[in-house]
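Given the sequences, and given the hints that come with them, work out the whole structure.
Spelled out, the chains give:
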Amino acid sequence: MLTKRIVPCLDVRNRKVTKGVKFQNNVDLGDPIEMAVAYSDGGADELVFYDITASAERRPIDIGMVEEIGRVVHIPFAVGGGIENLDDMYKVLLAGAEKVSVNSLAVRNPAIIESGAKIFGSQCIVLGMDPVMVDDRDRFPSGYEVTTRGFRERTGMDALEWARRAEGLGVGEIVVNSVDADGTRAGFELVLTKLIATNVGIPVVASGGAGTPQHLIDVFKLAHADAAIVASMVHTGDYSIAAIKSELDAAGVPVRKKW
Amino acid sequence: MIAIIDYKAGNLTSVKLALEHLGVACAITRDPAVILEADRVIFPGDGAAASAMEHLRELNLLEPLREVVAQGKPTLGICLGTQVIFDWSDEDGGVPCIGLMPGHVRKFVAPDPLCKIPQMGWNTMRFTRKHPLFEGIENDSEFYFIHSYYPAPESRDLVMGETEYADATFASAVGKGNLFATQFHPERSGRVGMKLVENFTKWNGQC
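So the sequences go chain by chain: Y and H.
For the first sequence, the numbering used here gives the first residue as 1, with consecutive numbering after it.
For the second sequence, the numbering used here gives the first residue as 1, with consecutive numbering after it.
None of these hints come from the bench; they were simulated from the model.
No residue lacks a Cβ here, since even glycine has one placed at the ideal position from N, Cα and C.
Accuracy of the hints is not assured; some may be wrong.
[Said to hold, decoys possible] Cβ-to-Cβ under 7 Å is the rule here; a few derived chain H residues that face chain Y:
(1) GLY10
(2) LEU17
(3) LEU114
(4) TRP122
(5) ARG188
[Unchecked claim] Label pairs and their computed distance ranges (CB to CB):
(6) ASP157(H) x PRO60(Y): 50 to 56 Å
(7) PRO60(Y) x GLU164(H): 38 to 44 Å
(8) SER240(Y) x GLU164(H): 28 to 34 Å
(9) ASN139(H) x TYR90(Y): 36 to 42 Å
(10) GLU161(Y) x PRO111(H): 23 to 29 Å
(11) ALA186(Y) x GLU154(H): 51 to 57 Å
(12) THR169(H) x GLY237(Y): 38 to 44 Å
(13) SER155(H) x TYR90(Y): 36 to 42 Å
(14) ASP87(H) x TYR90(Y): 30 to 36 Å
(15) SER155(H) x LEU86(Y): 40 to 46 Å
(16) THR169(H) x GLN214(Y): 29 to 35 Å
Structural data, given as structure tokens:
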């Protein structure tokens, strides 16, 4: 049986893993390479690296770091943040990443998803989206608006409409990162996750809000996510991947057990 | 030396990094001479069948690939590389493929809306036969898959391992003499997958 994926997310700034609440007050958590190896050896199913510095300050992606990760990690990993064009996608994939994640770029230029999927294959193009809850059903029928650039800009796009459109353009997977839940450790945004997961035919990764194993059980069982991103709860050492998986297993959620 | 065939399909670097990690000499190449001189060959790939076949033709790589397999050199197909060694793929409206492995490649049909296509993630493989490449690997171990199409060999004899997804129990590993091929990515399947890659680097091509 296909297992549910637990995906540690490493926000990287100046070659340090950082974590803040709603993109504020970032603190250094450690070395990205060391943390990647520890998670890979510890049972993580996949890794995601966001070079948040690149995204916020329009700097190019740190390809050297992608290569280093590819050399030491033997599980799939995705890279996002700072991808500006097809050439960037190519460089990241060539450096050893399995997937590239595009967010703001796809909003500005949706055709890039289509071209990327055609050239490199849908399986390696991930759409990241940062929806925020809005109370304006006329403009946003799903109840969520897509934001970009670290939640700083609103796009006027409905989250579900955007997800469906991106699927049609050929993305292989969608990471739904709730602005409202991000960094809170108070649980995933189940309504939003379920809305997207049950309305597209491609895998959906829940992101934002993971604080306890129960939060993951909920997002898999109640919101039908295919994968879930964890950050603070594992970065702080409060939970190991193995401990999370053993609770998921006990709750009847299929997880990878041999690594 | 292991030749990793470069036909403009993705995922070549992760294969190279896995071999380098094992300390095995390898080269990503599209040079037929290098491929023919190699001790063993890996035929990887991500992407779509039609463009893969087009590139193989355009780069004159079909003959060298057929030749190394005919010579008995240990050859490992991975993912799209595995799919295009069959006779035919249903992808892109139907594509005639290389025909090194009798059978064809079909698309998953989702039995319910919550079953996503592509299959993306870790799934178990149940051994259907003993094979030297499975040495030291437990039955029902998980491997990393990412695909919408799956191999359907003509004969059960070619199936080495099986996996269940969507509407299919499909051949996740196939073998025919010195040719072995997996639908999953062993080079991205953690320690278990690396064991399979390591077994390949030592395999003499006999079963």
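Could you check the hint for me, namely that GLU161(Y) and PRO111(H) are 23 to 29 Å apart, CB to CB?
holds (27 Å)
Starting from the range 38 to 44 Å, see whether the pair PRO60(Y) and GLU164(H) falls in it by beta-carbon distance.
For PRO60(Y) and GLU164(H) the Cβ distance comes to about 43 Å; the hint holds.
Tell me if the beta carbons of SER155(H) and LEU86(Y) are separated by a distance inside 40 to 46 Å.
The hint (40 to 46 Å, Cβ to Cβ) holds, given that SER155(H) and LEU86(Y) are roughly 42 Å apart.
Beta-carbon spacing of THR169(H) to GLN214(Y) - inside the hinted bounds 29 to 35 Å or not:
Cβ of THR169(H) to Cβ of GLN214(Y): about 33 Å, so the range 29 to 35 Å holds.
Is 30 to 36 Å right for how far apart the beta carbons of ASP87(H) and TYR90(Y) are?
The hinted range 30 to 36 Å holds for ASP87(H) and TYR90(Y), with Cβ atoms some 31 Å apart.
So, as I understand it, the hint says TRP122(H) touches chain Y; can you test that by seeing if any CB pair is closer than 7 Å?
Holds, about 4 Å.
Are THR169(H) and GLY237(Y) spaced within 38 to 44 Å by their CB atoms?
Cβ of THR169(H) to Cβ of GLY237(Y): about 41 Å, so the range 38 to 44 Å holds.
Go through the hint on LEU17(H) and say holds or violated, using the shortest Cβ distance to chain Y against 7 Å.
holds (5 Å)
Hint ARG188(H) vs chain Y: min CB-CB distance below 7 Å?
holds (5 Å)
Tell me if the interface restraint on LEU114(H) is satisfied: Cβ within less than 7 Å of some Cβ in chain Y.
Given a least distance of 6 Å, the restraint on LEU114(H) holds.
Verdict for ASP157(H), PRO60(Y) (Cβ pair) under range 50 to 56 Å
With Cβ atoms ~51 Å apart, the hint holds.
GLY10(H) as chain Y interface residue, shortest Cβ-Cβ below 7 Å
Check passed: Cβ of GLY10(H) comes within 6 Å of chain Y, closer than 7 Å.
When held up to the earlier numbered hints, the structure conflicts with none and fits them all.
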